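Asks: Here is what each chain is made of, one letter per residue.
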Amino acid sequence: MVAERQVLRFLLNDGHVSLTECAPTLTLLDFLRLQRRLTGTKEGCAEGDCGACTVLVGRLAETGLIYESVNACIRFVGSLDGCHVVTVEALARDGALHPVQAALVEHHGSQCGFCTPGFVMSLYALWMRKPAANVAQIEKALQGNLCRCTGYAPIVRAAQAIAGADPSGDVLVAERARVAAALAAMRDGARVRLGDGAGMLILPADVEDLVALRDVHPDATLVAGATDVGLWVTKFLRPIGPVIFVGHLDELRRIEDAADGVTLGAGVSYSAAYGVIARRYPQVTELWDRIGGEQVRNMGTIGGNIANGSPIGDTPPALIALGARLRLRSAAGARELALEDFFVAYGRQDRGPTEFVEEVFVPALPPNAALAAYKITKRLDEDITAVCAAFRMVRAGDRVADIRIAYGGMAGTPKRAAAAEAALRGAVWSAEAARAAMAALGQDFAPVSDWRASAEYRMLVARNLIWRFWLEQGGGAGDVRLDRPLAAAI
Amino acid sequence: MNVVSPEAISAEVAEPANRGAGNAAVAHESGAKHVTGRAEYIDDMPEPAGLLHAALGLSERAHARIVAVDFAAVAAAPGVIGVLTAADIPGHNDVSPVGRHDDPVFAADVVEFHGQPMFAVIAETRDAARRAARLATVTYDDLPHAIDVTEALAAGYPMVTDPLKLERGDVGRGMAASAHRLEGRMRVGGQDHFYLEGQIALAIPGEDDDVTVFSSTQHPSEVQHMVAHVLGVASHAVTVNVRRMGGAFGGKETQSNLFAAVAALAAKKYGRAVKIRPDRDEDMTATGKRHDFVIDYAVGFDDHGRIEAVDGVFAARCGFSADLSGPVTDRALFHADNAYYYPNVRLVSKPVKTNTVSNTAFRGFGGPQGVIAAERIIEDIAYALGRDPLEIRRANFYGGPGRDVTPYHQTVEDNVISRIVDELEASAGYQARRAAIHGYNAANRVIRKGIALTPVKFGISFTATWYNQAGALVHVYTDGSVQLNHGGTEMGQGLHTKVAQIVADEFQIDLGRIRVTATSTGKVPNTSATAASSGTDLNGMAAADAAGQIKARLRAFGAEQWQTKPERVRFVANHVAVDDRLIPFAEFIRLAYQARVQLSAAGFYKTPKIHWDRASGKGRPFYYFAYGAAVAEVSVDTLTGEHQVDRVDILHDVGRSLNPGLDIGQIEGGFVQGMGWLTTEELWWDASGRLRTHAPSTYKIPLASDRPRVFNVALADWSANAEPTIKRSKAVGEPPLMLASSVLEALSMAAASVADYRIAPRMDTPATPERVLMTIERLRGLNDERLRAEAGA
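Residue numbers (the numbering used here), protein chains in the order written: chain A, 1 to 490; chain B, 1 to 793.
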């Protein structure tokens with residue numbers, strides 16, 4: 001019998017919070033602003049895109065206490081058990097500005113000031129992790145923060161200016177051991193349950209508990225990072241209860257880096273996966289860097305990105321091209337399937353009512369395999385895919401021995417380009433073969449027009465990305481990609 | 001009496017304190033509060049007991065008769081107090097800022113755009129109000145709708161306000177006499193303000209007709225008048241306050257009216273404080289934006305690219321009502337010359353009614369759309385003649401007598417564009433880089449680069465001449481501290497900082513002794529919108545006037561007290577010097593108070609020289625012009641249309657800068673905002689008239705990683721305003737936005753490279769990756785035709 005606790009406990013700045021009542025849909029932002037009157041954290045969009053609500057959430061990871069920036073507007077309070085929430089109010093001590101804050105003032109980094117607390121928190125998170133960040137790293141840390149006044153130049157200057165500032169006066173640095181101990185003391189291994197009926201929220205004790213709970217609550221919404229479900233609540237005002245939160249489950253955050261491939265638990269965030277992705281599939285890191293903003297990458301999970309079945313999720317095309325396999329779990333047991341087979345049709349996945357995505361296995365790259373992932377968007381960073389394409393090719397001599405091509409944004413699901421693959425498979429890798437594949441793409445897809453792109457553009461770009469792949473894999477001369485400085489792994 | 005020794009004074013004077021702080025790059029007065037989260041915006045204020053919340057019910061049709069609305073489910077929803085409709089309005093159901101009565105608070109019989117407010121739900125919490133507002137059942141009788149200018153003109157839609165015509169010379173003769181003529185059409189996209197703090201109002205009912213409204217507005221006086229108009233009460237019953245806005249950019253000049261009116265209506269009806277804060281999606285759906293334009297132009301020019309005649313028609317999507325579309329489309333015409341002399345010119349505006357949200361003020365106020373048309377014309381000429389567009393620009397800049405009259409018959413007297421462009425061309429290494437880019441493009445097939453140098457000349461003053469006035473209120477307290485209030489509003493631009501610097505300079509006291517208080521209609525009445533870049537010009541002068549009055553009284557007092565001449569009483573370094581005595585400022589003030597000197601003054605300013613006769617299209621609408629220029633270099637991926645801005649160099653004229661830190665901030669921020677307008681920010685309506693880009697997930701303003709990789713911004717430090725403005729400074733809010741036209745033209749050049757620069761690229765905006773790629777595809781097609789034709793011939 002799993003022990004059950006009917007109180008939610010977490011730290012907020014320098015105090016303890018215990019809640020015996022908490023709606024599963026209560027966002028951290030509303031909790032801070034309406035219940036605690038901590039109004040430094042702002043609401044700019046309520047959908048995790050502008051970053052005005054950025055706060056830090058600290059938690060005990062395998063590596064110890066880590067703090068990550070998150071969007072409070074779509075983070076549910078129910079998911080915070082055992083965490084340390086840090087808001088902008090905590091930074092200045094005894095009237096003295098934190099170095100991050102002082103630099104922003106000195107460099108005229110605020111104008112209207114409304115986005116500023118969010119920038120402070122994003123830069124603070126970066127500074128803790130990387131005290132002397134370079135410009136590319138700063139830009140990456142700020143992908144999830146919109147400023148409409150400054151044009152960002154003074155903010156980046158401020159961020160550069162704090163490189164190497166003395167961390168000894170910093171509150172989280174100074175209190176690190178005490179906070180870690182307090183969080184460790186909260187970990188009692190119990191299931192947390194508050195409320196009942198549609199107002200119930202549950203944090204399972206472990207995966208076995210999740211399997212059991214899922215079996216008796218097939219109607220419950222499973223919430224990991226909430227980067228999508230958050231919007232169901234804030235934008236669509238959709239009832240989602242009862243809710244089973246899974247983001248805290250260490251077993252689902254497991255990353256297994258083995259010779260034959262990488263196993264990613266469904267709860268692994270994009271940020272947590274970054275290191276292994278960069279190591280094993282380095283050609284995908286640029287795509288990885290362009291998933292949402294930093295806050296979304298810290299919250300959002302690979303399992304969630306797959307499970308919600310979106311045709312424009314960022315990871316499925318690359319994972320499909322890599323030959324990823326999915327493991328689904330329920331009380332009836334576990335089953336595996338190829339990732340592309342999971343996506344049945346728009347809005348429909350091959351998943352039973354009590355099944356959940358447990359992990360995804362990504363095979364190692366075959367020797368000499370070429371891999372590429374391209375994401376086309378209206379704005380370079382923090383934008384939703386118009387067209388996403390991924391290629392994995394193995395050559396035998398001058399011929400294409402094996403080719404896997406997957407697209408997002410071209411159909412109702414992430415989908416392989418069977419005709420284009422067929423045009424290439426066995427062919428001599430050449431401009432002619434690439435052109436044949438481009439032509440064949442018309443048999444694979446009939447994309448739609450919407451606010452992200454017209455059907456015409458989608459098809460044209462989808463074809464041109466095959467050409468780009470050809471140019472990058474031997475066919476090109478001169479520059480074939482925009483010269484974009486990449487942020488080194490951080 | 002406590003008279004300090006001269007030695008102590010010298011020490012004090014030597015202190016690098018903020019004393020006076022004129023022309024210094026002092027930090028924003030709220031900077032420390034911004035970074036700590038202690039700067040208070042309206043939603044952060046402690047909530048009054050019993051506060052209620054309002055949420056709007058929005059139309060789901062672009063054009064329809066409202067047959068019936070059933071509120072039964074709304075009324076039954078948890079926490080609901082009531083519903084407000086047009087029937088609840090005791091005064092006028094109208095918030096038209098121009099008195100046309102075409103802007104209802106709540107649509108009563110007909111809805112004219114998808115997203116138009118029809119009612120408001122009042123509830124105990126914001127969440128309850130939002131949920132209940134979605135429960136109304138509306139029965140519509142659909143009517144035909146027209147979403148854009150082309151559809152509307154085809155359907156015979158009317159103008160929302162009177163068009164303007166500017167004419168000088170003889171366009172017909174000029175065209176006929178030109179060696180070359182060409183015509184074109186340009187589509188220029190609109191833009192959402194995307195202020196980070198959305199619209200918000202909090203109304204607190206008072207006794208009798210009184211109501212106090214906290215409104216995030218650039219125009220407290222108009223909010224006051226509109227609330228009074230809607231409530232049917234005198235303006236004296238309404239007090240409007242705003243400490244700061246979380247951004248505005250023109251989006252809170254008139255668009256705040258409706259929210260303030262709804263909060264005030266509900267507050268008076270229920271006798272409780274009421275707050276309304278729409279969700280971002282509702283804000284973007286229900287409030288106006290920058291006008292998108294369809295511009296038809298014809299230009300005649302000679303072999304050197306010198307323009308003989310320009311004929312332009314500027315049709316703007318205005319939305320369902322006039323709002324500020326009249327003056328916005330007027331300003332488009334006022335800037336359709338940008339920095340160029342047109343010997344013969346005819347410019348006509350078409351403010352077209354459409355079934356979309358009523359478009360409104362946005363930084364530049366129509367001017368950017370005019371400027372972008374002027375630059376398109378220059379670009380077309382350059383490609384037609386196979387020349388560098390910069391040569392064509394130079395050939396057409398306003399010059400001396402004979403080439404210095406605008407299409408509205410104002411003489412350009414303060415022209416510095418040639419010097420700015422010459423200096424920037426050199427400092428940015430334009431010529432060498434342009435040559436290098438030609439080489440790069442010849443060597444690279446996929447990635448192409450472009451570079452462009454574009455100028456801006458922007459007219460400063462409200463074209464509604466009566467708006468060019470301002471008031472200020474300065475109190476000196478007996479401890480020597482100063483409270484400053486003026487009619488301008490703080491939206492991030494640093495207006496309060498600059499005006500405080502001006503007053504500190506007047507009294508020669510530390511900036512820390514001056515506190516700027518929230519803008520309030522109760523302190524300074526009948527103010528103008530903080531808009532048209534005029535905030536500092538107007539309010540700074542008014543504050544200087546108020547300080548000057550107090551100083552005159554203090555001088556008279558000093559002269560009498562110490563038996564000397566008033567001019568021998570001087571304000572120095574936190575002290576007052578009377579002959580050879582140095583008296584600490586606070587001490588001097590205490591003595592003046594005891595001598596019964598009035599230590600408070602109301603200041604006033606009105607801009608001289610300006611006049612404008614719209615009927616004849618003649619006058620001097622602008623007191624002066626601000627100038628600037630930018631060089632942008634970009635890279636384009638010709639397979640995808642993706643692009644990035646590699647480098648930008650700017651030289652901008654702010655006259656004698658009041659605060660270089662703030663001014664450079666306006667330039668950098670304005671440029672990036674303009675870049676967003678011209679590249680990634682796309683408004684997209686579906687066929688039913690529903691705006692589908694209504695949140696940051698779908699509407700993409702620039703990010704940190706979009707800013708130019710190299711971004712060199714300099715002030716023309718030799719410049720001083722030719723007119724006696726406050727300390728010879730110039731307005732800076734709007735002009736830099738238009739410097740971003742350099743990015744568009746650089747993208748165009750990169751695209752044109754695929755056709756060997758032989759075909760005018762004619763890139764419409766926003767130049768999204770899609771539009772860039774489609775332009776490239778079109779140019780490739782045209783180039784193939786050209787080559788085939790040449791081969792055939």
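You may find that some hints are simply not true.
[What the hints assert, rightly or not] In silico DMTMM-like links for lysine to aspartate or glutamate, alpha-carbon gap of 25 angstroms or less:
| # | chain 1 | residue 1 | chain 2 | residue 2 |
| --- | --- | --- | --- | --- |
| 1 | B | 269 | A | 62 |
| 2 | B | 565 | B | 587 |
| 3 | B | 269 | B | 167 |
| 4 | A | 235 | B | 207 |
| 5 | A | 235 | B | 127 |
| 6 | B | 269 | B | 183 |
| 7 | B | 606 | B | 587 |
| 8 | B | 33 | A | 62 |
| 9 | B | 609 | B | 167 |
| 10 | B | 269 | B | 545 |
| 11 | B | 33 | A | 479 |
| 12 | B | 33 | A | 106 |
| 13 | A | 235 | B | 587 |
| 14 | B | 33 | A | 170 |
| 15 | A | 130 | A | 62 |
| 16 | B | 33 | A | 14 |
| 17 | A | 235 | B | 545 |
| 18 | A | 235 | B | 124 |
| 19 | A | 235 | B | 167 |
| 20 | A | 235 | B | 44 |
[Claimed, not checked] Anything over 10 angstroms on all C-beta distances counts as not near chain A; from chain B, calculated:
| # | residue |
| --- | --- |
| 21 | 32 |
| 22 | 143 |
| 23 | 150 |
| 24 | 169 |
| 25 | 177 |
| 26 | 181 |
| 27 | 270 |
| 28 | 405 |
| 29 | 545 |
| 30 | 604 |
| 31 | 637 |
[Stated by the list, open to error] Example chain B residues on the side facing chain A (calculated, C-beta under 10 angstroms, incomplete):
| # | residue |
| --- | --- |
| 32 | 28 |
| 33 | 130 |
| 34 | 679 |
| 35 | 686 |
To be clear, the hints were calculated from the coordinates, so they are not data collected in a lab.
Keep in mind it's a predicted model, so treat the numbers as computed, not measured.
We put the beta carbon where it would ideally sit given N, CA and C, even for glycine.
Asks: Are the hints correct? Go through all of them and say.
Replies: We went through each hint and held it up to the structure:
For the proposed pair residue 269 of chain B and residue 62 of chain A, the alpha carbon gap of about 58 angstroms is over 25 angstroms, so the pair is violated. Between residue 565 of chain B and residue 587 of chain B, the direct Cα distance comes to roughly 20 angstroms. Compliance with the 25 angstroms bound is thereby established for this hinted pair. The hinted pair formed by residue 269 of chain B and residue 167 of chain B fails the criterion: a straight-line CA distance of about 52 angstroms is larger than 25 angstroms. Taking the CA atoms of residue 235 of chain A and residue 207 of chain B, the gap is near 38 angstroms; set against the 25 angstroms cutoff, the hint is violated.
Simply put, residue 235 of chain A and residue 127 of chain B have alpha-carbon atoms about 11 angstroms apart, close enough for the 25 angstroms limit, and the pair holds. Of the supplied pair hints, the one linking residue 269 of chain B and residue 183 of chain B is violated, its CA atoms being roughly 58 angstroms apart against a limit of 25 angstroms. The straight-line distance between the Cα atoms of residue 606 of chain B and residue 587 of chain B is roughly 34 angstroms, outside the 25 angstroms bound, and the hint therefore fails. In summary, the hint linking residue 33 of chain B to residue 62 of chain A is not supported, as the alpha carbons are separated by about 37 angstroms, beyond the 25 angstroms threshold.
Among the hinted pairs, residue 609 of chain B with residue 167 of chain B is consistent with the structure: their alpha-carbon atoms are about 22 angstroms apart, no more than 25 angstroms. Of the pairs offered as hints, the one joining residue 269 of chain B and residue 545 of chain B is violated, with about 42 angstroms between alpha carbons and a cut-off of 25 angstroms exceeded. Only pairs whose Cα atoms come within 25 angstroms are accepted, and residue 33 of chain B paired with residue 479 of chain A is rejected, the gap being roughly 47 angstroms. Among the hinted pairs, residue 33 of chain B with residue 106 of chain A is consistent with the structure: their alpha-carbon atoms are about 13 angstroms apart, no more than 25 angstroms.
Between residue 235 of chain A and residue 587 of chain B, the direct Cα distance comes to roughly 59 angstroms. Violation of the 25 angstroms bound is thereby established for this hinted pair. Only pairs whose Cα atoms come within 25 angstroms are accepted, and residue 33 of chain B paired with residue 170 of chain A is accepted, the gap being roughly 19 angstroms. For a cut-off of 25 angstroms, the pair hint linking residue 130 of chain A to residue 62 of chain A stands: about 19 angstroms separates their Cα positions. Distance restraint check for residue 33 of chain B and residue 14 of chain A: the Cα-Cα separation of roughly 21 angstroms lies within the 25 angstroms cut-off, and the hinted pair is therefore satisfied.
With a CA separation close to 50 angstroms, the supplied pair residue 235 of chain A and residue 545 of chain B exceeds the 25 angstroms bound. Distance check on the hinted pair: residue 235 of chain A and residue 124 of chain B sit about 20 angstroms apart at the alpha-carbon level, within 25 angstroms; holds. For the given pair, residue 235 of chain A sits about 50 angstroms from residue 167 of chain B by alpha-carbon distance, which is inconsistent with the 25 angstroms threshold. At most 25 angstroms may separate the alpha-carbon atoms for a hinted pair to count; residue 235 of chain A and residue 44 of chain B meet this at roughly 22 angstroms.
At the 10 angstroms boundary, the C-beta of residue 32 of chain B falls inside the reach of chain A, the nearest C-beta of that chain being 6 angstroms off. Consistency note on residue 143 of chain B: stated as away from chain A, and its beta-carbon is indeed over 10 angstroms from all of that chain's, at 25 angstroms minimum. No Cβ of chain A comes within 10 angstroms of the Cβ of residue 150 of chain B; the nearest lies about 18 angstroms off, and the non-interface call holds. Residue placement check: residue 169 of chain B keeps its beta carbon more than 10 angstroms from all beta carbons of chain A (closest about 39 angstroms).
No Cβ of chain A comes within 10 angstroms of the Cβ of residue 177 of chain B; the nearest lies about 43 angstroms off, and the non-interface call holds. Distance to chain A confirms residue 181 of chain B as a non-interface residue, since its nearest Cβ pair spans about 33 angstroms, more than 10 angstroms. Separation of residue 270 of chain B from chain A is adequate, the least Cβ-Cβ distance of about 21 angstroms exceeding the 10 angstroms criterion. Distance to chain A confirms residue 405 of chain B as a non-interface residue, since its nearest Cβ pair spans about 35 angstroms, more than 10 angstroms.
No Cβ of chain A comes within 10 angstroms of the Cβ of residue 545 of chain B; the nearest lies about 27 angstroms off, and the non-interface call holds. Here residue 604 of chain B stays apart from chain A, with its beta-carbon at least about 28 angstroms from theirs, past the 10 angstroms limit. The Cβ of residue 637 of chain B sits about 5 angstroms from the closest Cβ of chain A, inside the 10 angstroms cut-off, so the non-interface label is violated. Annotation: interface hint on residue 28 of chain B holds; nearest CB of chain A at approximately 6 angstroms, less than 10 angstroms.
Because the smallest distance between the Cβ of residue 130 of chain B and any Cβ of chain A comes to about 6 angstroms, under 10 angstroms, the interface hint for this residue holds. Taken as an interface hint, residue 679 of chain B checks out: its beta carbon lies about 8 angstroms from the nearest beta carbon of chain A, inside 10 angstroms. With its C-beta approaching chain A no nearer than about 8 angstroms, residue 686 of chain B sits inside the 10 angstroms limit, and its interface hint holds.
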